[in-house]
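Engineer: The listed protein sequences derive, respectively, from chains A and B.
So the first sequence is numbered by numbering that gives the first Met the number 0: it starts at 0 and just counts up by one.
So the second sequence is numbered by numbering that gives the first Met the number 0: it starts at 0 and just counts up by one.
Hints in this document: simulated from the structure, not taken from any laboratory.
Some hints could be false.
[Said to hold, decoys possible] Some chain A residues close to chain B (C-beta under 7 Å, calculated; not the full set): (1) Trp-7; (2) Phe-11; (3) Val-119.
[Stated by the list, open to error] Computed list of chain B residues with no C-beta within reach of chain A, every gap over 10 Å: (4) Phe-31; (5) Phe-43; (6) Leu-45; (7) Leu-65; (8) Val-109; (9) Gly-126; (10) Ser-135; (11) Gly-152; (12) Asp-154; (13) Ile-157; (14) Leu-164; (15) Pro-170; (16) Ile-249.
As the structure is a computational prediction, the values presented were derived from the model and not from experiment.
Even glycine gets a Cβ: it sits at the ideal position worked out from N, Cα and C.
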Amino acid sequence: MLAPALLWWAIFLALPMGLVLATAFFKGGAYGAIIYEPTLRNLERALDPLYVGVLWHSVWLAALTTVICLLLGYPAAVYIATRASARTRTLLLVLVILPFWTNFLIRTYAWIVLLNREGVINGALEGLGIVDEPLSLLYNDAAVVLGLVYGYLPLMILPLYAAIERINPEVLEAATDLGARPLRALRTVMLPLIVPGIVAGCVFVFVPSLGNIPVPELLGGGRSEMIGNLINRQFLTTRDWPFGSMLVLTLMVLLMALLVLQSFVLRRSRQVGVDG
Amino acid sequence: MGEPRRPLLAVYMGALFAFLYLPIAILVVLSFNDSKLATVWRGFSLRWYEELFRDTEVLLSIRTTLVIAIAATALSIVFGTLLAFGIERRTRSAALENGIYLPLLIPDVVTGIGLLSFYATISLPLGTVAIIIAHSVWGTAFAAAIVRTRLRGLDRSIEEASLDLGVREVPTFLRITLPAISPGIIAAALVVFTLSIDEFIIAYFTAGQTVTFPIQVYSMIRFGVTPEINAVATLMLLFSMALIVGAYLIARPRSPRAARPGEETA
Chain A
0 MLAPALLWWA IFLALPMGLV LATAFFKGGA YGAIIYEPTL RNLERALDPL YVGVLWHSVW
60 LAALTTVICL LLGYPAAVYI ATRASARTRT LLLVLVILPF WTNFLIRTYA WIVLLNREGV
120 INGALEGLGI VDEPLSLLYN DAAVVLGLVY GYLPLMILPL YAAIERINPE VLEAATDLGA
180 RPLRALRTVM LPLIVPGIVA GCVFVFVPSL GNIPVPELLG GGRSEMIGNL INRQFLTTRD
240 WPFGSMLVLT LMVLLMALLV LQSFVLRRSR QVGVDG
Chain B
0 MGEPRRPLLA VYMGALFAFL YLPIAILVVL SFNDSKLATV WRGFSLRWYE ELFRDTEVLL
60 SIRTTLVIAI AATALSIVFG TLLAFGIERR TRSAALENGI YLPLLIPDVV TGIGLLSFYA
120 TISLPLGTVA IIIAHSVWGT AFAAAIVRTR LRGLDRSIEE ASLDLGVREV PTFLRITLPA
180 ISPGIIAAAL VVFTLSIDEF IIAYFTAGQT VTFPIQVYSM IRFGVTPEIN AVATLMLLFS
240 MALIVGAYLI ARPRSPRAAR PGEETA
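Assemble the whole structure, with the sequences as input and the hints as a guide.
Structural biologist: What follows is the structure, given as structure tokens:
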């Protein structure tokens, strides 16, 4: 029963991952050839300030996206989770998820239509006489973060909702009845209970944001490059696969560090839940 | 528990839905605009839809994507259902239980690059078959996760009764278990199918010269803003929504849900 799927994954998931890992330590030859001689050259190159800069920029944009999604998503999750009727809750949830089921590229494209120089927003601003010259709203970091937030916000709201919905409202009431101010009740009672939801939402948003290719490509226009674009170029344009593999490996190491951090946060929050 | 009244939060919710839906709504409206410019409304027209249906490249890419999605869904359902059954009925391994979500945690770009390298190494030509395999890798994980929840809700005594009465394992699975979990399987199929139709990054790396629908959309967007994409967006929106509503209707629990504490007094 287990064998077919596990075998399938061993061949088409584990082997490819192992291959990338190995290729990262081989030399890249002319015309995209791979020279099977072990080397650390790719690692040295990946640590060049130029590439570390792109990596750092990607982490920064993905982190910013995650924080904005958390800030935007939290009130929404609270609102949905505290509706009394199950029907309303389901309807609101469906409304949150629906945009997520429309093609990601098309949702990204929608922002080009809105933000470009002849776009909807510039047209409206000029029509209202607020600006004389169209504003450059596209091709910057802000546009990239906007596109990522727009793309992944539902992935933050869902786990937050799931965590909040499970909380017994009487716990909060007990806290306020015992004299805790609403904000304090929120911080000391509610927050520890929803940490798992926050952590899950952050991982769901951060991971696809960090490795994203189309958003920085289409909304950043090459002026806000992320690690995914760099990897893309190594494989399809420059054809230096060993170096590209090293960049993929860097991305994987970063994400693994994130997962370790996640389990650490979860363990701590559980301890807080027991102690306090 | 009474419905909490929080007008500020309700206004916020309205604004959030506006943020989520306005960009898409604008595309839908513009798809019926006779003008090529996004800022000028020149009247209702179906010309972009006409152009779309005359565009043989687009039509071919839709065909390719449907073939890939159907094949990838079939593979994913077979592997995923077997995996879900194995995990629920044959093992108590926690590592395996969590392990099935692993393919969903790997970023698309990593999966895409890994498979691109692997296909090059084993000389499997890039294109339709390569993408089908790629999509079945995460499709299996999704299918297993969805079918599992259905299996867990299933009363085991029915299967046990069948086995006790001397029916062999495989006929029991085919006649008892499979029909009982079929709503889960259908829902999983719809989800995997929808995701496969939309998937861009992995297909982009493993497609070679093959053009799937998302790849076609991507190159259209890169080429420049054209209202034809608005028409594409509107049609895709309708299609995805029909699939999702279908999945919801099929997978929705038939029995009235157990009321949560406090619900009755609402």
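Engineer: Each hint should be assessed against the structure and marked as holding or not.
Structural biologist: Hint check results:
1. For the restraint placing Trp-7 of chain A at the interface with chain B, the shortest Cβ-Cβ distance is roughly 6 Å, inside the 7 Å limit, so the hint holds.
2. The criterion of a C-beta within 7 Å of any C-beta in chain B is met by Phe-11 of chain A, whose closest approach is roughly 5 Å, and the hint holds.
3. Because the closest C-beta pair between Val-119 of chain A and chain B is about 5 Å apart, less than 7 Å, the hint holds.
4. At roughly 14 Å from the closest C-beta of chain A, the C-beta of Phe-31 of chain B stays outside 10 Å, upholding its exclusion from the interface.
5. Under the 10 Å C-beta cut-off, the non-interface status given to Phe-43 of chain B relative to chain A holds; the minimum distance is some 18 Å.
6. No beta-carbon of chain A is positioned within 10 Å of the beta-carbon of Leu-45 of chain B; the least distance is around 19 Å.
7. The claim that Leu-65 of chain B lies off the interface holds: its Cβ sits roughly 15 Å from the closest Cβ of chain A, which is beyond the 10 Å cut-off.
8. The beta carbon of Val-109 of chain B is not kept farther than 10 Å from every beta carbon of chain A, the shortest such distance being approximately 6 Å.
9. Against the 10 Å criterion, Gly-126 of chain B stays outside the reach of chain A, whose nearest CB is about 15 Å from its own CB.
10. The claim that Ser-135 of chain B lies off the interface is violated: its Cβ sits roughly 7 Å from the closest Cβ of chain A, which falls inside the 10 Å cut-off.
11. Gly-152 of chain B, annotated as away from the interface, keeps every beta carbon of chain A farther than 10 Å; the closest lies near 18 Å.
12. Under the 10 Å C-beta cut-off, the non-interface status given to Asp-154 of chain B relative to chain A holds; the minimum distance is some 20 Å.
13. With a least CB separation of 18 Å from chain A, Ile-157 of chain B remains clear of the 10 Å interface cut-off, as annotated.
14. The beta carbon of Leu-164 of chain B sits about 22 Å from the closest Cβ of chain A, which is more than 10 Å, so the claim that it is off the interface holds.
15. The Cβ of Pro-170 of chain B lies farther than 10 Å from every Cβ of chain A, with a closest approach of about 15 Å, so its non-interface assignment holds.
16. With a cut of 10 Å on Cβ distances, Ile-249 of chain B stays outside the contact zone with chain A, its closest approach being about 15 Å.
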